[in-house]
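Take the sequences, apply the hints, and build the full model.
These are the residues of each chain, in order.
Number of protein chains: 2
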Amino acid sequence: MKTHQFSNVPSHIGIIPDGNRRWAEARGLPRHAGYDYGLAPALELVEACTELGVRELTFYGFTQDNTKRAAVQREAFQRACVEAVRLLAERDAAVLVVGNTHSPMFPSELLAYAGRRRRFGRGSIKVNLLVNYSWQWDLSQALMSSAARPLSLNDRHLSSLGSAAISRIDLVLRWGGRRRLSGFLPIQTVYSDFYILDDLWPDYDRAHLDDALAWYQLQDVTLGG
Amino acid sequence: MKTHQFSNVPSHIGIIPDGNRRWAEARGLPRHAGYDYGLAPALELVEACTELGVRELTFYGFTQDNTKRAAVQREAFQRACVEAVRLLAERDAAVLVVGNTHSPMFPSELLAYAGRRRRFGRGSIKVNLLVNYSWQWDLSQALMSSAARPLSLNDRHLSSLGSAAISRIDLVLRWGGRRRLSGFLPIQTVYSDFYILDDLWPDYDRAHLDDALAWYQLQDVTLGG
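Chains U and C, in that order, give the protein sequences.
Quick note, my numbering runs 31 ahead of the 1-based positions in the first sequence.
Quick note, my numbering runs 31 ahead of the 1-based positions in the second sequence.
Do not take every clue at face value.
As the list claims (entries may be wrong) - Where chain U lies over chain C, by a calculated footprint (3+ residues, C-beta under 8 Å):
#1 91–100
#2 196–202
#3 220–226
To be verified - Below, computed lysine to any residue pairings styled on SDA-like, alpha-carbon distance capped at 25 Å:
#4 U:Lys99 with C:Thr253
#5 U:Lys99 with C:Gly255
#6 C:Lys99 with U:Tyr222
#7 U:Lys99 with U:Ala64
#8 C:Lys99 with U:Arg199
#9 C:Lys99 with U:Ile218
#10 U:Lys99 with C:Tyr222
#11 C:Lys99 with U:Leu254
Simulated from the structure, these hints should not be mistaken for lab results.
It should be emphasised that the depicted structure is a prediction, and the values quoted were computed from it without experimental measurement.
We put the beta carbon where it would ideally sit given N, CA and C, even for glycine.
Spelled out as structure tokens, the structure:
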């Protein structure tokens with residue numbers, strides 16, 4: 032483990048890996064081909080964050096809205112999510128998939144990761160992947176849990192609690208230049224700091240993370256106080 | 032009414048008028064003195080937005096978290112909110128105050144604005160002011176409304192519906208340099224574009240709004256699609 036220059040490392044970073052289609056288009060590739068090029072960056076980022084002592088990472092995989100796109104695109108990002116989890120399972124990570132499993136859009140290969148967090152290797156960093164997620168679904172799950180509060184939460188399956196197993200996010204990093212959340216975990220991001228990279232996600236570079244963390248050192252985190 | 036250069040004017044702009052205390056401090060004034068200097072900018076902004084054809088504006092007044100600050104500060108921002116509504120009522124605006132009215136922190140002068148939208152003058156722009164607001168309160172109200180869905184919503188008092196009367200926000204403008212929502216309307220902001228001004232709120236200038244709208248023209252709004 033390397034030592035590093037950051038005294039205040041965020042516990043939990045949210046990742047919006049946007050720009051895969053624009054990246055492919057700029058290279059004369061079909062738009063759906065971009066997703067494959069987002070896998071290696073994701074693994075690099077997990078490794079860098081593990082080294083830095085980040086305790087939890089949440090990636091915005093795909094949403095229920097996204098599944099309305101052309102089938103060739105939908106299949107490409109579904110495949111990329113399945114492949115991402117397969118690759119993480121060969122490394123050190125505690126993996127949880129969060130999303131609406133009661134839909135044919137949810138890849139069946141990921142069902143085993145949706146109910147409980149699975150630890151691989153030393154499992155030193157929690158990695159969450161949002162798959163067939165929607166903020167409406169998430170809030171309605173929170174609502175039903177609350178309506179069912181008299182029942183013990185222990186009796187309920189984790190996947191029926193929306194994103195309740197995902198903690199508050201300190202810092203959201205978004206690639207691809209857009210300055211918006213696009214429905215990413217509205218409850219966990221209420222106090223998050225946002226850092227936008229104009230680079231497209233397949234062009235991820237370690238310097239992006241270092242720049243974001245250097246900026247984060249200067250923020251006065253008040254949690255609304 | 033002036034014509035203007037923007038083809039795509041956001042329907043609803045959220046305003047986070049941050050930096051009042053830092054502004055006062057920089058001038059050797061007591062920190063709480065800054066809030067008074069935020070009133071004239073708010074009225075100028077309402078007027079500019081009315082001219083541009085913006086249909087709704089929501090100002091982040093103060094939150095339940097904010098009320099834990101020193102009493103002299105709390106009293107200053109409470110007074111500023113009361114005064115803001117009094118000044119708006121002398122102009123053209125349809126005013127609604129949203130927040131937890133069941134608390135001594137909610138100024139009694141504003142109770143008459145919390146139950147229903149009140150139209151002044153031509154009432155050509157909706158202006159919402161969050162007063163003693165909290166995102167937890169807001170989501171729990173949404174939750175209770177939903178649990179009570181079999182009852183007609185017409186039977187319920189507007190203030191018991193949290194922020195349900197506030198529409199989706201297209202663009203959030205935050206003064207004071209911080210890149211975060213700080214609990215501002217988590218449901219209405221899921222798809223919002225964020226534009227941050229490093230200037231402190233009392234230094235509001237019409238050029239800030241024009242710069243933000245010029246930037247907004249370049250955004251590809253997808254609403255999560």
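Inset, instruction - Assess, step by step, whether the Cα of lysine 99 (chain C) is no farther than 25 Å from the Cα of leucine 254 (chain U), and give holds or violated. - result: Distance ~13 Å between lysine 99 (chain C) and leucine 254 (chain U) Cα, so the pair holds.
Inset, instruction - Take the C-alpha atoms of lysine 99 (chain U) and alanine 64 (chain U), compute the straight-line distance between them, and say whether it is at most 25 Å. - result: holds (18 Å)
Legend entry - 25 Å limit on alpha-carbon distance, applied to hinted pair lysine 99 (chain C) and tyrosine 222 (chain U): holds (17 Å)
Legend entry - Verdict on chain U covering the stretch 196–202 of chain C, criterion of 3 CB contacts below 8 Å: With 0 residues closer than 8 Å to chain U, the stretch 196–202 of chain C misses the three-residue bar; violated.
Legend entry - Given pair status - isoleucine 218 (chain U), lysine 99 (chain C), alpha carbons within 25 Å: holds (22 Å)
Legend entry - Pairwise hint evaluation, glycine 255 (chain C) against lysine 99 (chain U), where the allowed Cα distance is 25 Å at most: With a Cα-Cα distance of about 10 Å, the restraint between lysine 99 (chain U) and glycine 255 (chain C) holds, given a limit of 25 Å.
Inset, instruction - Compare the distance between the alpha carbons of lysine 99 (chain U) and threonine 253 (chain C) with 25 Å, and conclude whether the hinted pair is satisfied. - result: holds (12 Å)
Legend entry - Satisfaction of hint between arginine 199 (chain U) and lysine 99 (chain C), Cα-Cα up to 25 Å: holds (21 Å)
Inset, instruction - Would you check chain U against the stretch 91–100 of chain C, counting CB to CB pairs closer than 8 Å, and say if three or more residues qualify? - result: Holds, because 5 residues of the stretch 91–100 of chain C bring their Cβ atoms closer than 8 Å to Cβ atoms of chain U.
Inset, instruction - Below or equal to 25 Å on CA atoms is what counts here, so check lysine 99 (chain U) against tyrosine 222 (chain C). - result: holds (17 Å)
Inset, instruction - Take the stretch 220–226 of chain C, compare each residue's beta carbon with every beta carbon of chain U, and decide whether three or more fall closer than 8 Å. - result: Check passed, 7 qualifying residues.
Taken one by one, the earlier hints fail for this structure only at number 2.
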